[in-house]
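Student: So the chains spell out like this:
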Amino acid sequence: MSLATAEPRHEPRDAGPAPAGAEPAVVVPVAGRSPSPLPEPDEETPLYAARRKIYPQAVHGTYRRTKWAMLAVTLGIYYLLPFVRWDRGPNAPSQAVLIDFPNHRFYFFFIEIWPQEVYYLTGLLIIAAMALFLMNAVAGRVWCGYLCPQTVWTDLFCAIERWVEGDRREHMLRERGPWTTERVARLGLKHVLWLMVAWWTGGAWVLYFADAPTLVKDLATFQAPFVAYLWIGILTATTYALAGHMREQVCTYMCPWPRIQAALTDEHALNVTYRYDRGEPRGSIKKNAALREQGAPVGDCIDCLQCVYVCPTGVDIRDGANLGCIQCGLCIDACDTVMTKIGRPLRLIAYDTDLNIKRRQEGRSAQVRIVRARTLLYAAVIAVTGVVMLYALASRTTESISVIHDRNPVFVRLADGSLRNGYTIRIVNKQRVTREFALDIRGLANASHEFIGVPGSTDGRRIVEVGPDQTREVRMVVTSRAASMPPSTPIVFQITDVASGLQAQANDYFRAP
Amino acid sequence: MAHERDIDALTGTATTGREWDGIRELNTPLPRWWLWLFYLTIIWSIGYWIAYPSWPLVSSSTVGLLNWQSREAIITDMDALKAQRGPMVERLLKSSLAEIAADENLSQFARAQGRPVFLENCAPCHGTGGGGARGYPNLLDDEWLWGGRLEDIALTIRDGIRTPQSKERQGTMPAFGRDGILKRPEIEAVADYTRTLAGIAVESGANLELGKKVYAEACANCHGADGRGKRELGAPNLTDAIWLYGSDRASVIEGLWNGRGGMMPAWAGRLDESTIKALTIYVHTLGGGVR
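Chains A and B are the protein sequences, given in the same order. Just so you know, numbering that gives the first Met the number 0 puts 271 at position 272 of the first sequence, and the rest follows in order with no gaps. Just so you know, numbering that gives the first Met the number 0 puts 170 at position 171 of the second sequence, and the rest follows in order with no gaps.
Quick caveat, the hints were computed from the structure, so don't treat them as lab data. Built from N, CA and C at the ideal position, the CB exists for glycine as well. Among these hints, one or two may not hold up.
Residues on chain A that point at chain B, a partial pick, calculated with CB under 8 Å [to be verified]:
#: 1; residue: Pro-45
#: 2; residue: Ala-49
#: 3; residue: Gln-248
#: 4; residue: Arg-412
Far from chain B, some chain A residues (derived; all Cβ distances over 12 Å) [stated by the list, open to error]:
#: 5; residue: Trp-113
#: 6; residue: Gly-176
#: 7; residue: Trp-198
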């Protein structure tokens with residue numbers, strides 16, 4: 000048996016008379032809606048399935064325009080953002096978005112993140128996940144259809160393909176024809192253009208990790224570090240492979256989101272839905288017209304397969320909710336075009352729910368419930384996380400201190416019987432100027448403290464100088480001459496910026512036998 | 000395994016024929032490109048066999064065209080590290096201990112160098128934190144048997160204590176009881192007397208008169224008339240709160256009877272000069288270093 004029978008739903012069974020301007024006789028996914036009978040099982044199920052090549056047809060309409068707009072916006076942001084400047088004053092990069100690995104900093108407009116503040120990323124990830132869930136609860140996989148990089152780049156690559164090798168039919172005919180010079184030239188041109196877009200994708204990627212204008216100049220004059228070229232190469236290869244060749248297989252085989260989404264969805268999510276209550280029984284335009292005259296029940300679907308031809312993942316939306324469907328709405332545009340031509344109402348395929356189809360069949364009105372427990376919950380989690388993050392950002396200080404108590408030994412007895420504890424303190428200066436911090440220790444009576452290995456710290460001032468945008472680790476000992484001590488006394492380490500008076504504290508303990 | 004063919008009605012895909020609680024498993028075929036990727040990994044592995052050591056032979060293994068060895072790789076890495084640290088090590092060698100301690104950069108480097116050396120060589124006796132143990136001095140406190148200045152510590156590390164290499168640091172506590180120098184009651188009396196020097200309360204029946212007399216005859220020579228010790232002999236200060244072997248009566252009597260004289264190995268020759276300097280700075284900055 001051929002491999003195609005492994006997916007019997009794509010075997011043309013009763014496609015009805017071909018519509019005007021029928022497709023070339025290439026195996027095209029076609030399915031009847033009728034449930035059983037199922038095709039005869041073959042002897043052995045094949046272990047591997049060959050890919051069915053998809054030739055998405057050009058389409059015009061609301062959702063196509065939306066997709067173009069999203070493509071322009073998302074790609075525009077991706078390619079141009081590294082060139083946006085943001086003045087941070089001297090001693091700091093002036094790039095608005097910069098991941099500065101050598102100096103361990105992440106800059107995002109007015110936000111500067113240090114490595115120890117990576118926990119902000121947790122908030123971002125929670126918001127991202129909840130936003131994805133919220134999108135899914137409202138309108139299914141709109142992320143997949145409009146915003147996912149895989150969708151956006153695949154869309155761009157498909158547009159290039161259609162532009163160079165022709166729309167669906169022309170492209171298919173050309174591929175079935177002989178190897179002419181023109182065919183080779185067009186094929187070559189397509190791959191060159193693809194590689195150029197892919198290369199540009201990789202080129203933009205590395206600009207997020209270094210000063211963009213400088214790096215562009217260095218890249219052009221072959222002065223850039225090897226790792227920049229390496230990453231451009233890697234991103235070029237992945238973009239070319241994923242958007243040019245893998246396409247919908249990334250969604251169906253590799254991406255976990257369709258599986259997660261399938262588990263998260265509910266009956267109120269507005270999914271791209273074929274309104275079979277209106278469409279069935281389907282039939283050719285002539286057959287349906289004749290049946291309508293006889294007063295027999297007929298549907299609006301004329302089985303023209305336009306919805307399948309435009310689909311970038313090659314599914315038939317009339318089969319119902321489908322793992323392969325990324326809900327981009329292009330089939331809605333295609334169907335609307337046909338409905339306009341045959342003078343039937345629009346939106347035979349629409350963002351709708353199966354629940355509404357049943358309600359209409361029962362004579363009740365359709366219902367769109369966007370505000371419901373799960374959307375409210377997702378929105379609330381997003382809001383709370385956002386508020387917490389904003390608070391954390393707003394209350395971010397430019398100085399901090401952390402203390403580690405010596406663990407071995409926890410205390411030392413000196414010759415005169417007094418007790419000494421050792422600490423390693425780290426003072427963080429997040430300002431871009433050198434600052435002097437005075438250190439005080441509170442909570443211990445009759446005690447003294449001393450820095451170790453800080454030359455000039457013995458003049459009694461107990462001042463530590465920390466360089467601009469730096470941290471400084473200092474070892475110190477605290478000696479208590481108190482006659483008797485409890486096993487553990489809470490103490491506070493406090494730093495005060497000598498110039499500005501800004502303070503930061505850390506709590507620790509003084510240990511005794 | 001032969002089984003009844005079963006086709007799932009919704010997807011049209013064959014199932015494996017197995018069923019768990021009414022849930023059947025689809026037998027969806029893998030994409031063919033996945034198979035090619037699998038073959039590609041096999042071909043890739045052949046590249047590894049050729050380039051790297053792989054196949055075991057009777058007494059060795061195939062070497063591989065790149066002639067790569069894990070042992071040589073680590074030697075290369077260590078050499079690179081040495082080259083990277085070279086300029087700083089050079090400065091350590093050229094600078095005196097006082098100069099190193101005064102230069103924050105250099106002393107930080109010395110501490111970073113000294114710490115692993117301490118953990119490898121010194122920690123078994125002195126503890127990972129330098130806190131010492133019974134018989135092994137605490138390096139964090141402010142009592143030093145042989146001196147706590149940088150030069151004193153460096154000399155102790157180089158030549159050790161009571162080693163053949165050490166010219167000066169040979170003083171030991173005699174075994175007064177075992178060698179029959181003092182009688183048992185004298186030892187008990189001098190133990191009590193010694194403890195009172197440090198302010199430790201003793202039993203009411205203690206013969207402090209005898210103790211004082213014996214101390215002046217047998218102990219004051221090394222530990223001083225006031226009990227404050229003599230550093231050149233390594234004789235500890237008996238008046239402070241630090242007791243290397245413990246301040247209880249039994250431990251003091253044990254010391255008097257059997258004598259004391261712990262040994263610290265000499266590290267010159269085992270550690271190179273820059274390492275000894277780094278270790279000195281590290282020990283000095285643990286908390287007890289004397290300026």
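Student: Once the shortest beta carbon distance from Gln-248 of chain A to chain B is found, is it less than 8 Å?
Tutor: holds, 6 Å
Student: Does the claim that Trp-198 of chain A lies off the interface hold, with its Cβ farther than 12 Å from every Cβ of chain B?
Tutor: The claim holds: Trp-198 of chain A sits with its nearest Cβ about 23 Å from chain B, beyond 12 Å.
Student: When the nearest CB of chain B is found for Pro-45 of chain A, is that gap smaller than 8 Å?
Tutor: Hint holds; Pro-45 of chain A Cβ to chain B Cβ min 5 Å, cut 8 Å.
Student: Go through the hint on Arg-412 of chain A and say holds or violated, using the shortest Cβ distance to chain B against 8 Å.
Tutor: holds, 6 Å
Student: Given Ala-49 of chain A as an interface hint, is its Cβ closer than 8 Å to any Cβ of chain B?
Tutor: holds, 5 Å
Student: Grab the minimum beta-carbon distance between Trp-113 of chain A and chain B and tell me whether it stays above 12 Å.
Tutor: Correct as stated: the minimum Cβ-Cβ distance to chain B is 21 Å, above 12 Å.
Student: So Gly-176 of chain A supposedly isn't at the interface. Is its beta-carbon more than 12 Å from every beta-carbon in chain B?
Tutor: Label holds. Min Cβ-Cβ 25 Å, cutoff 12 Å.
Violated hints: none; the structure is consistent with every hint.
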